[in-house]
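Trainee: What follows is the residue order along each chain.
There are 2 protein chains.
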Amino acid sequence: MWTAFPGLHDQLMQVEQVIQANIKLRNKAIQNTLEALTINGGKLVRPAFLLLFATFGPQQDPPKFSKSAAAMEILHLATLIHDDVIDDSPLRRGVTTMHTHYGKRNAIYAGDYLFTVYFELINETARNAQDTHLNAISMRQILLGELDQMRFDFKTGMSVKDYLREIDGKTAALFQLSCEMGTRLSGASLTIQRRARRIGHDIGMAFQVLDDILDYTQSEATLAKPNGEDLRSETYSIPLLFAVQNYPELKTLLRQEMTPAHVAYLVHLVQTYGVADAKDLASRYTQKALAEIAQLPSGDAAEILKQITQALLIRTN
Amino acid sequence: MWTAFPGLHDQLMQVEQVIQANIKLRNKAIQNTLEALTINGGKLVRPAFLLLFATFGPQQDPPKFSKSAAAMEILHLATLIHDDVIDDSPLRRGVTTMHTHYGKRNAIYAGDYLFTVYFELINETARNAQDTHLNAISMRQILLGELDQMRFDFKTGMSVKDYLREIDGKTAALFQLSCEMGTRLSGASLTIQRRARRIGHDIGMAFQVLDDILDYTQSEATLAKPNGEDLRSETYSIPLLFAVQNYPELKTLLRQEMTPAHVAYLVHLVQTYGVADAKDLASRYTQKALAEIAQLPSGDAAEILKQITQALLIRTN
Numbered sequence: 001m002w003t004a005f006p007g008l009h010d011q012l013m014q015v016e017q018v019i020q021a022n023i024k025l026r027n028k029a030i031q032n033t034l035e036a037l038t039i040n041g042g043k044l045v046r047p048a049f050l051l052l053f054a055t056f057g058p059q060q061d062p063p064k065f066s067k068s069a070a071a072m073e074i075l076h077l078a079t080l081i082h083d084d085v086i087d088d089s090p091l092r093r094g095v096t097t098m099h100t101h102y103g104k105r106n107a108i109y110a111g112d113y114l115f116t117v118y119f120e121l122i123n124e125t126a127r128n129a130q131d132t133h134l135n136a137i138s139m140r141q142i143l144l145g146e147l148d149q150m151r152f153d154f155k156t157g158m159s160v161k162d163y164l165r166e167i168d169g170k171t172a173a174l175f176q177l178s179c180e181m182g183t184r185l186s187g188a189s190l191t192i193q194r195r196a197r198r199i200g201h202d203i204g205m206a207f208q209v210l211d212d213i214l215d216y217t218q219s220e221a222t223l224a225k226p227n228g229e230d231l232r233s234e235t236y237s238i239p240l241l242f243a244v245q246n247y248p249e250l251k252t253l254l255r256q257e258m259t260p261a262h263v264a265y266l267v268h269l270v271q272t273y274g275v276a277d278a279k280d281l282a283s284r285y286t287q288k289a290l291a292e293i294a295q296l297p298s299g300d301a302a303e304i305l306k307q308i309t310q311a312l313l314i315r316t317n
Numbered sequence: 318m319w320t321a322f323p324g325l326h327d328q329l330m331q332v333e334q335v336i337q338a339n340i341k342l343r344n345k346a347i348q349n350t351l352e353a354l355t356i357n358g359g360k361l362v363r364p365a366f367l368l369l370f371a372t373f374g375p376q377q378d379p380p381k382f383s384k385s386a387a388a389m390e391i392l393h394l395a396t397l398i399h400d401d402v403i404d405d406s407p408l409r410r411g412v413t414t415m416h417t418h419y420g421k422r423n424a425i426y427a428g429d430y431l432f433t434v435y436f437e438l439i440n441e442t443a444r445n446a447q448d449t450h451l452n453a454i455s456m457r458q459i460l461l462g463e464l465d466q467m468r469f470d471f472k473t474g475m476s477v478k479d480y481l482r483e484i485d486g487k488t489a490a491l492f493q494l495s496c497e498m499g500t501r502l503s504g505a506s507l508t509i510q511r512r513a514r515r516i517g518h519d520i521g522m523a524f525q526v527l528d529d530i531l532d533y534t535q536s537e538a539t540l541a542k543p544n545g546e547d548l549r550s551e552t553y554s555i556p557l558l559f560a561v562q563n564y565p566e567l568k569t570l571l572r573q574e575m576t577p578a579h580v581a582y583l584v585h586l587v588q589t590y591g592v593a594d595a596k597d598l599a600s601r602y603t604q605k606a607l608a609e610i611a612q613l614p615s616g617d618a619a620e621i622l623k624q625i626t627q628a629l630l631i632r633t634n
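If you read the sequences in order, they're chains A and B. Take the first sequence: its letter number 34 is residue 34 in our numbering, and every next letter is one higher. Add 317 to the 1-based position in the second sequence for our numbering, that's all there is to it.
Check the hints yourself; a few may be wrong.
[Said to hold, decoys possible] EDC-like cross-link-like pairs, simulated, lysine to aspartate or glutamate; straight-line CA separation at most 16 Å:
| hint | chain 1 | residue 1 | chain 2 | residue 2 |
| --- | --- | --- | --- | --- |
| 1 | B | K341 | A | D148 |
| 2 | B | K381 | B | D448 |
| 3 | B | K345 | A | D148 |
| 4 | A | K24 | A | E35 |
| 5 | A | K24 | B | D465 |
| 6 | A | K28 | B | D465 |
| 7 | B | K341 | B | E352 |
| 8 | A | K251 | A | E234 |
| 9 | B | K360 | B | D327 |
| 10 | B | K381 | B | E333 |
[Stated by the list, open to error] Estimated spans, in silico, between C-beta atoms of each pair:
| hint | chain 1 | residue 1 | chain 2 | residue 2 | range |
| --- | --- | --- | --- | --- | --- |
| 11 | A | Q60 | B | P380 | 35 to 41 Å |
| 12 | A | R165 | B | D405 | 31 to 37 Å |
| 13 | A | R127 | B | R482 | 35 to 41 Å |
| 14 | A | P6 | B | A446 | 32 to 38 Å |
| 15 | A | K24 | B | L481 | 18 to 24 Å |
| 16 | A | G103 | B | E441 | 32 to 38 Å |
| 17 | B | P614 | A | M13 | 51 to 57 Å |
| 18 | A | K28 | B | D617 | 47 to 53 Å |
| 19 | A | M1 | B | A446 | 31 to 37 Å |
| 20 | A | H133 | B | Y582 | 51 to 57 Å |
| 21 | A | M13 | B | K478 | 36 to 42 Å |
In case anyone wonders, no lab produced these hints; they're calculated from the structure. Even glycine gets a Cβ: it sits at the ideal position worked out from N, Cα and C.
Based on the sequences and whatever the hints tell you, model everything.
Mentor: What follows is the structure, given as structure tokens:
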């Protein structure tokens, strides 16, 4: 994904080294799994946004940026590991998930441990109390997003507004934080900081909508994890919400037993009735982000931001 | 427990209010469980130590002390909730555990959420980067203690040294942090800060050894949770370690199926062969702590510290 941007690619290698250096455990089995999770296809999207936005201010401190970017990915990894325990997912990034390999005990504590690593990296890189405060409230928002998700299952139903509020917390908040932290750490103007925040938010929303689409449209091989998982775990997401709106009979079908054949049939219905509207929604968020990116000071970073924002919308895994 | 010390009791009421104020969720079901967990028999031991040690410095800021004390309890609660998911415990503090009530999904995220509340309270109360750094590395040490625990089960065995290192991380570290933070936030001398650290460590060690003893000696009604749990979850703790040393045949018996009758028999053997040595160990840590407490500037706080340190050793739940 990053090979087209050699400078960014090199910086992301630094970020990966910081991540590896901070996952040192006496328990080598867990360390190895954490390393595998980091190396295998972690796209480092959030760190990349932090690094790109860190070019907009006068205070250039690459080692600090790498650490802070690593913190974003580590927070992300922590939530992924806990998500996989919760959803009982067998695969993540093509690798057997932590809890499948080492049990939920190791997986829960490994996630907790990563929260502490995140906490420490933030303390090491924050320039002031506002920086740490922003991280603390963002982390809180992310977890509240996850907690809210629980309130909606096939029994209780969910509105589009509920969905948007949920992904605003669980996904957009971290993209928003990554972009804003880049501008803050480099001492960019307040105008650019606020713009970074909005761009991060919109990219995050588009990213999650697309993730939820891919769960219905991609094969397990491409996703490197099972598809149709949202149906099996009775999680409402936007393609299903739109499908129910466009084809109300679906609601009854959701109450039937989730045999493999029934899941396959439901996936087909969602593909037919829900995916197009969801793609429109993702596209609208992407357009909004691109309009704001166009307002950034022009240069390499703005150009790369534009390209990767477009690329994220047409990704397939 | 605190009614004998009215001043401390009042301050702990403040701490409880800070905790309640910081557990505000849209998901009311989870909020209610968190509140019940806080109100029902949370002994607030760690906050109490922070508050008592905060009397030794010249900078008196009670609202800040309450917040920081609340942070210690919240970090403790977060680890409790995750421990209960991991051990599949049905009861905690006489209340149905979070995961039993609302599933592991809610419980894992609720614990994660509490980490973020802790993180934020620390940021609000820390006087400088050293304070936050101390918290970050302590939190990391606590989680590493939990992760290390996993390496030892009935199959792999464990030495007394392994056990001590494990509880040093998972329990003593938080007592140590609570005591040290009290002296730091009040601007006490470095000598007192270091003494607070050692006292906290030794009290924490004694506390955990006693907890592990109670798992074998107390009834479910007194503990407000099932006893013999460590056996059922194949967790080595010190009474069992001493029992195996004193009665090596036990090792073979541990490999048999854990039927209720067999667990009862094993509990009996551990009571007979392991508890006395474990009590000696707890007593040695308590004596060490009391010797250091005697070196503190004399006054109400030192006297209360002495009394509660003694009381913790003879507690029954």
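Trainee: Compare the structure with each hint and give your call.
Mentor: Hints and how they fare:
Proximity of K341(B) to D148(A) is assessed by CA-CA distance (about 12 Å); at most 16 Å being required, the pair is judged to hold. A C-alpha spacing of about 13 Å is found between K381(B) and D448(B), which places the hinted pair at or below 16 Å, so the restraint holds. Restraint check: the Cα-Cα separation between K345(B) and D148(A) comes to about 10 Å, which is no more than 16 Å; the hinted pair holds. This hinted pair checks out: K24(A) and E35(A) have alpha carbons roughly 10 Å apart, not beyond 16 Å.
About 13 Å separates the Cα atoms of K24(A) and D465(B), which keeps this hinted pair within 16 Å; it holds. Between K28(A) and D465(B) the alpha-carbon distance is near 10 Å, which keeps this suggested pair within the 16 Å criterion. For the suggested pair K341(B) and E352(B), the alpha carbons sit about 10 Å apart, so the restraint of at most 16 Å is met. Proximity of K251(A) to E234(A) is assessed by CA-CA distance (about 12 Å); at most 16 Å being required, the pair is judged to hold.
A hinted pair counts as satisfied when its Cα atoms are at most 16 Å apart, and K360(B) with D327(B) qualifies at roughly 14 Å. Note on K381(B) and E333(B): the hinted pairing holds, with a Cα-Cα distance of about 14 Å set against a maximum of 16 Å. Q60(A) and P380(B) have their C-beta atoms about 40 Å apart, which keeps the hinted 35 to 41 Å range intact. Range check, R165(A) to D405(B): about 32 Å between beta-carbon atoms, so the 31 to 37 Å window is met.
Distance hint check: the CB atoms of R127(A) and R482(B) are about 36 Å apart, consistent with the given range 35 to 41 Å. Here the CB-CB span from P6(A) to A446(B) is close to 35 Å, well matched to the stated 32 to 38 Å. Under the hint 18 to 24 Å, the C-beta atoms of K24(A) and L481(B), about 22 Å apart, fit the expected range. In this structure the hint that G103(A) and E441(B) lie 32 to 38 Å apart at CB holds, the actual value being about 36 Å.
Roughly 54 Å separates the CB atoms of P614(B) and M13(A), a value that falls within the hinted 51 to 57 Å. A hinted range of 47 to 53 Å for the beta carbons of K28(A) and D617(B) is consistent with their spacing of about 49 Å. Separated by about 35 Å at the C-beta atoms, M1(A) and A446(B) satisfy the suggested range of 31 to 37 Å. Our hint of 51 to 57 Å for H133(A) and Y582(B) holds, since their Cβ atoms are close to 55 Å apart.
At roughly 40 Å, the beta carbons of M13(A) and K478(B) sit within the given window of 36 to 42 Å.
Consistency with the previously given hints is maintained throughout, with no hint failing.
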